[in-house]
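> Given chain A, work out where chains B, C and D should sit, using these hints.
Protein chains: 4
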Amino acid sequence: MKEFTWPVRVYYEDTDAGGVVFYANYLKFFERARTEMLRSVGFEQDRLIIEQNLIFVVRSVKVEYLKPARFNDLLDVNAKVIEHKKTNFTFEQAITRHQDVLCTAEIRIACLDAQSMKPKLIPSAILEHLN
Amino acid sequence: MKEFTWPVRVYYEDTDAGGVVFYANYLKFFERARTEMLRSVGFEQDRLIIEQNLIFVVRSVKVEYLKPARFNDLLDVNAKVIEHKKTNFTFEQAITRHQDVLCTAEIRIACLDAQSMKPKLIPSAILEHLN
Amino acid sequence: MKEFTWPVRVYYEDTDAGGVVFYANYLKFFERARTEMLRSVGFEQDRLIIEQNLIFVVRSVKVEYLKPARFNDLLDVNAKVIEHKKTNFTFEQAITRHQDVLCTAEIRIACLDAQSMKPKLIPSAILEHLN
Amino acid sequence: MKEFTWPVRVYYEDTDAGGVVFYANYLKFFERARTEMLRSVGFEQDRLIIEQNLIFVVRSVKVEYLKPARFNDLLDVNAKVIEHKKTNFTFEQAITRHQDVLCTAEIRIACLDAQSMKPKLIPSAILEHLN
Chain A
0 MKEFTWPVRV YYEDTDAGGV VFYANYLKFF ERARTEMLRS VGFEQDRLII
50 EQNLIFVVRS VKVEYLKPAR FNDLLDVNAK VIEHKKTNFT FEQAITRHQD
100 VLCTAEIRIA CLDAQSMKPK LIPSAILEHL N
Chain B
0 MKEFTWPVRV YYEDTDAGGV VFYANYLKFF ERARTEMLRS VGFEQDRLII
50 EQNLIFVVRS VKVEYLKPAR FNDLLDVNAK VIEHKKTNFT FEQAITRHQD
100 VLCTAEIRIA CLDAQSMKPK LIPSAILEHL N
Chain C
0 MKEFTWPVRV YYEDTDAGGV VFYANYLKFF ERARTEMLRS VGFEQDRLII
50 EQNLIFVVRS VKVEYLKPAR FNDLLDVNAK VIEHKKTNFT FEQAITRHQD
100 VLCTAEIRIA CLDAQSMKPK LIPSAILEHL N
Chain D
0 MKEFTWPVRV YYEDTDAGGV VFYANYLKFF ERARTEMLRS VGFEQDRLII
50 EQNLIFVVRS VKVEYLKPAR FNDLLDVNAK VIEHKKTNFT FEQAITRHQD
100 VLCTAEIRIA CLDAQSMKPK LIPSAILEHL N
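Protein chains in written order, with numbering that gives the first Met the number 0: chain A, 0 to 130; chain B, 0 to 130; chain C, 0 to 130; chain D, 0 to 130.
Bound conformation, chain A alone (with noise of 0.2 Å):
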């Protein structure tokens, strides 16, 4: 499987008064790498929607917080397809400081017709590009 990785650095709209990044905004450091790897492979989701009529949402999310980041912390985000049926996808991410994981995550995506949002076929191409 293909592993993508994208730097985060955290800044106080991350963190909260308990000095670190809050729980919920691992989430959207995930759905960056997640969202910048379908780039990386020549897919931007604003013209999926458009082109192809095709958006992707979450389904599940399981987390592991293992150890916390902090303000001004330069984190990688990883992620990669660990397993895909014919319309979602599951991907594996962590996020490390110096390769010390301080995060771990498994998110269900589904892929969706935009209008009526019904289940879709994944584009062949992108699993392609992702797998």
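Rather than coming from a laboratory, the hints here were simulated on the basis of the structure.
In silico SDA-like links for lysine to any residue, alpha-carbon gap of 25 Å or less:
(1) D:K66 with B:I49
(2) B:K117 with D:K66
(3) D:K66 with A:I48
(4) A:K61 with C:I54
(5) A:K79 with A:L120
(6) A:K66 with C:E82
(7) B:K66 with B:R107
Frame of chain A, contents of chains B, C and D only:
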């Protein structure tokens, strides 16, 4: 002018690693109060879009940050219309904690046609209720 | 097990360009309900840090996104403790709109010493009130 | 005055159900650019707190929203210091998309003692590098 007050509790999501509410998040609190002020006089913004093809957008904000709000604070967010023209109006807003003013703002809102996004007359029924 | 419910209104801040609540923001709603559940039985988290040197952190989340919540929706966010050990406990949570389940979650929380950030016994008073 | 530019990509997290970037989130983009401008001349804010007991806080913002930014846009966020006094300085900032100005701001920042939270002289090394 009618004055409206809406209570807002500060959660971890609102704070940053400085231990205080993150400066952008006061704008969320201000908007909640404006939305609830409209609701309190009978206007639901999702129905305004569908039934009257009308959407409100923010044109400008001026915010003064006087004292920080902290995790778990219970705040009062005030809103009143201090000026209105044909297609826009200006709110004066403040956030207080036990009568202590933490943050003040002047926020100008434009009324737009939800399709064309061009300026649209503010319905007189809305102005009557807010003034 | 005691069940707690907290109302949450969806504002623009919670939604995304897909027209629905952004997937990370459900975690904010879940946390608000847990915070209010603790408050409802007499525990304020800012005082727990100062008086008992105790902080709660999220260790893991599992979320299933079943149906989207939309702008202006009034949601109910439920929380109940389904399991507890010496230094952590697990919440089962759900978000509903008029009895329609939109999103479910299982969220494991650890009790830490606020200084050392090492695991700490959950005070029995808290467990009694939540169970 | 030195001018600094930082690229920002718009993700779903930044947008709202109106299909555009949520008005509070431009303040996040402005702060990222200020943070990166400081970093570009050698100042890391986490080290300024620890080594110089110095923290920057926002005192006031004025923002004009001219045109909306949208999902997937690649923006340029500019920052330059237009005025400075002993303990505070003012940034002029703008967000552009292909030379098209979407949003402008004037943001006043105070330099505080990180312990007492009282005004503190801005280190001359910082002013020299930003002017």
